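Number of protein chains: 4
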Amino acid sequence: MARLERGPGRLVAFSDGVFAIAVTLLVLEIQPPEDFTHLARGLGELWPSYLGYALSFLLIGQVWVNHHVMFDHIRHVDREVLFLNTVLLMVIAFLPFSTSLLAGALRADAGLRTAVVVYGSTLWTAALLFNIIWAHLRRAGLLEASLDVRAVRSIGHRFALALLWIGSGIVVGAFVPVAGVVIIAAFLPAYYLPIRGEYGSDPG
Amino acid sequence: MARLERGPGRLVAFSDGVFAIAVTLLVLEIQPPEDFTHLARGLGELWPSYLGYALSFLLIGQVWVNHHVMFDHIRHVDREVLFLNTVLLMVIAFLPFSTSLLAGALRADAGLRTAVVVYGSTLWTAALLFNIIWAHLRRAGLLEASLDVRAVRSIGHRFALALLWIGSGIVVGAFVPVAGVVIIAAFLPAYYLPIRGEYGSDPG
Amino acid sequence: MARLERGPGRLVAFSDGVFAIAVTLLVLEIQPPEDFTHLARGLGELWPSYLGYALSFLLIGQVWVNHHVMFDHIRHVDREVLFLNTVLLMVIAFLPFSTSLLAGALRADAGLRTAVVVYGSTLWTAALLFNIIWAHLRRAGLLEASLDVRAVRSIGHRFALALLWIGSGIVVGAFVPVAGVVIIAAFLPAYYLPIRGEYGSDPG
Amino acid sequence: MARLERGPGRLVAFSDGVFAIAVTLLVLEIQPPEDFTHLARGLGELWPSYLGYALSFLLIGQVWVNHHVMFDHIRHVDREVLFLNTVLLMVIAFLPFSTSLLAGALRADAGLRTAVVVYGSTLWTAALLFNIIWAHLRRAGLLEASLDVRAVRSIGHRFALALLWIGSGIVVGAFVPVAGVVIIAAFLPAYYLPIRGEYGSDPG
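Residue numbers (the numbering used here), protein chains in the order written: chain A, 1 to 204; chain B, 1 to 204; chain C, 1 to 204; chain D, 1 to 204.
There may be inaccurate statements among the hints.
[What the hints assert, rightly or not] Using C-beta positions, here's what the derived DEER-type ranges look like: (1) Asp109/A / Arg107/B: 35 to 41 angstroms; (2) Ala179/C / Thr37/D: 33 to 39 angstroms; (3) Asp148/C / His38/A: 50 to 56 angstroms; (4) Glu144/A / Glu34/B: 48 to 54 angstroms; (5) Arg107/A / Val149/C: 50 to 56 angstroms; (6) Asp148/A / Arg138/D: 51 to 57 angstroms.
Hints were generated in silico from the structure; no laboratory data involved. No experiment lies behind these values; they were computed from the predicted model shown. Think of the CB as a built atom: it goes at the ideal place given N, C-alpha and C, for glycine as much as any other residue.
Turn these sequences into a full structure, and let the hints guide you.
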């Protein structure tokens with residue numbers, strides 16, 4: 001066990017596996033139309049499934065990037081991190097279900113309010129776990145000594161921002177479902193763009 | 001083949017893959033409700049599926065941790081280990097099926113006794129294989145020389161404890177199914193907490 | 001984050017995971033016949049599924065090879081590459097759906113025109129992303145200095161060729177669906193064969 | 001591309017991914033009984049699915065071991081190896097389908113002859129590809145120089161034996177299906193046991 005606490009290597013590899021599989025399973029939620037004689041029309045009616053597929057794929061891709069941002073700065077992991085990370089993966093691996101709810105509600109034009117709240121809450125719980133893990137890493141002194149204080153704080157801010165942003169999406173989505181989806185989707189470009197002053201310069 | 005017997009690296013990587021996939025496939029057992037007009041209620045009725053999902057995800061996560069505890073202390077693997085590990089993975093990869101039985105029985109309010117026994121037996125067989133592999137590693141002298149005798153014994157005790165604990169869950173579950181599930185679930189916190197004196201102190 | 005930009009190692013590992021899963025999920029699209037009393041005949045009627053399976057498996061295998069050709073020559077990745085690669089994987093992971101459309105249309109003998117265009121367009125979009133990523137790598141100076149100019153250009157030509165070839169398959173397929181499939185399939189041998197003068201000689 | 005030909009590292013990692021996924025997907029072919037009131041009986045009737053699951057899991061596990069035996073002795077891979085390995089993976093990833101045919105035919109008590117021939121042929125094709133790849137590696141001089149001639153020959157014999165053994169299973173299975181399955185299953189213990197004089201002694 002001592003050795004298990006040394007480096008995050010295997011935890012990262014296992015997590016990468018779950019991310020890669022969760023993202024690839026999303027396509028199984030898209031069912032081809034039954035009627036092939038009017039295939040083009042049938043495919044057009046599946047637009048909510050494509051939307052859900054693209055949104056969830058890009059969001060999980062983003063979570064994957066942030067998972068690395070977090071675990072790149074860890075010296076070793078303890079049992080709490082192992083447990084919290086498993087719960088985080090459990091939430092991520094649940095997204096294909098939330099996605100099929102969202103797509104199904106859009107297609108049925110019913111239950112959209114519930115579906116958006118469930119979808120947002122899945123993401124929000126993932127964001128919450130990021131915040132809990134980061135706080136634990138700081139408190140338990142598991143971060144690399146070389147990581148400067150400003151970076152620790154700015155990464156923490158970023159994780160807190162996710163919580164607020166997606167939380168707003170859920171609240172708005174409970175009243176105007178489509179607006180909630182738009183807010184959550186708007187999180188993607190905001191997150192891929194670097195935040196000014198947050199990270200070091202481009203390596204050479 | 002000589003080389004295959006040198007290190008457990010590839011065996012661990014292959015096993016990690018199976019663990020990651022088994023855990024992520026669990027979500028496919030949760031079917032969205034057909035009726036989206038009463039989505040919230042329909043989702044509420046799926047609680048046995050969520051329970052099964054969470055329970056199995058955390059249990060497989062724990063098995064994964066223990067798999068590393070075991071294979072971190074191996075110098076090399078022989079054909080017996082290769083074979084026994086394949087059987088272990090076969091049992092783990094069967095858990096999504098056992099989980100959907102458990103969730104289905106809770107939802108149908110029928111066959112719960114059988115479902116709990118099958119679910120528990122799947123886990124118990126995995127625990128049995130851990131004990132067999134560990135005994136073989138000790139007997140065949142495949143463990144690292146640096147591993148001290150106390151650690152070897154305490155890891156062995158831990159694996160034996162799993163056998164007893166889950167065995168009790170099955171026996172109780174055969175009479176009072178819900179109590180059996182509770183016993184098996186109670187194994188999770190008991191296992192994530194470090195056992196006093198078993199492992200070295202926190203590094204660094 | 002600085003560290004994230006250093007090497008493409010993790011991006012490649014994550015991508016390999018998605019490729020491996022996408023390719024293996026293809027088999028789930030093939031449904032066994034319902035009637036086992038005339039199994040041989042039932043299996044014979046599934047030929048479009050086998051065709052789709054083999055074609056998509058080999059094409060994804062080829063995309064995987066080319067993904068490595070591209071990322072073997074990268075010094076580090078930036079946020080744009082991370083984002084573009086995620087979009088590329090999203091397109092690849094969509095192929096099992098496009099494949100089941102193609103097989104379904106061949107089996108139903110209906111909607112084949114649409115299915116071939118959708119199938120080809122999925123591949124074409126993947127090829128487009130290869131071209132965009134390669135152009136970005138060149139422009140942003142992310143390629144290894146040791147890579148000579150001729151190689152950069154010939155790899156670029158290869159990616160551009162894919163765009164033209166598959167584009168032709170789509171255009172032809174919109175009129176004569178089967179001919180479109182043949183053109184896309186013909187891309188496989190053309191691509192596995194080394195192009196004269198493009199790469200260095202066989203090592204050692 | 002030059003670099004791609006240097007080591008088999010990535011090819012092995014990608015292949016391991018496909019093996020791990022194919023093996024884990026096998027469980028999706030086992031459908032829980034619809035009727036939970038007589039669950040024990042319903043589960044009993046699923047025995048062909050368990051048999052198919054265990055047989056295919058252990059066989060793929062064995063193929064995985066042999067894949068490593070083969071690629072551990074390779075200095076570098078060329079385009080032919082890349083292509084042949086992709087075809088090999090395509091055949092392996094097809095096994096979940098063949099397995100569900102075998103289980104379905106046993107359950108329906110119909111079409112068993114066809115199912116056994118298809119199942120055996122899938123395995124036989126995999127064995128054939130092993131032989132082709134090994135012959136190519138020898139002919140093209142891609143094997144490690146340190147590998148002695150006796151080992152090269154004995155590995156080759158092993159691959160040829162697989163071809164004969166499974167071939168016999170198919171021929172017998174075409175007349176007495178159950179006997180064919182028994183022959184194929186008997187291949188497992190024969191293969192896990194070391195062959196006298198074939199490999200070096202146990203490392204110390």
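Hints versus structure:
1. Asp109/A / Arg107/B: 35 to 41 angstroms: 27 angstroms, violated
2. Ala179/C / Thr37/D: 33 to 39 angstroms: Violated: the Cβ-Cβ distance is about 55 angstroms, outside 33 to 39 angstroms.
3. Asp148/C / His38/A: 50 to 56 angstroms: 53 angstroms, holds
4. Glu144/A / Glu34/B: 48 to 54 angstroms: 50 angstroms, holds
5. Arg107/A / Val149/C: 50 to 56 angstroms: Once the Cβ atoms are compared, 51 angstroms apart, the range 50 to 56 angstroms for Val149/C and Arg107/A holds.
6. Asp148/A / Arg138/D: 51 to 57 angstroms: Given range 51 to 57 angstroms: holds, Cβ gap about 56 angstroms.
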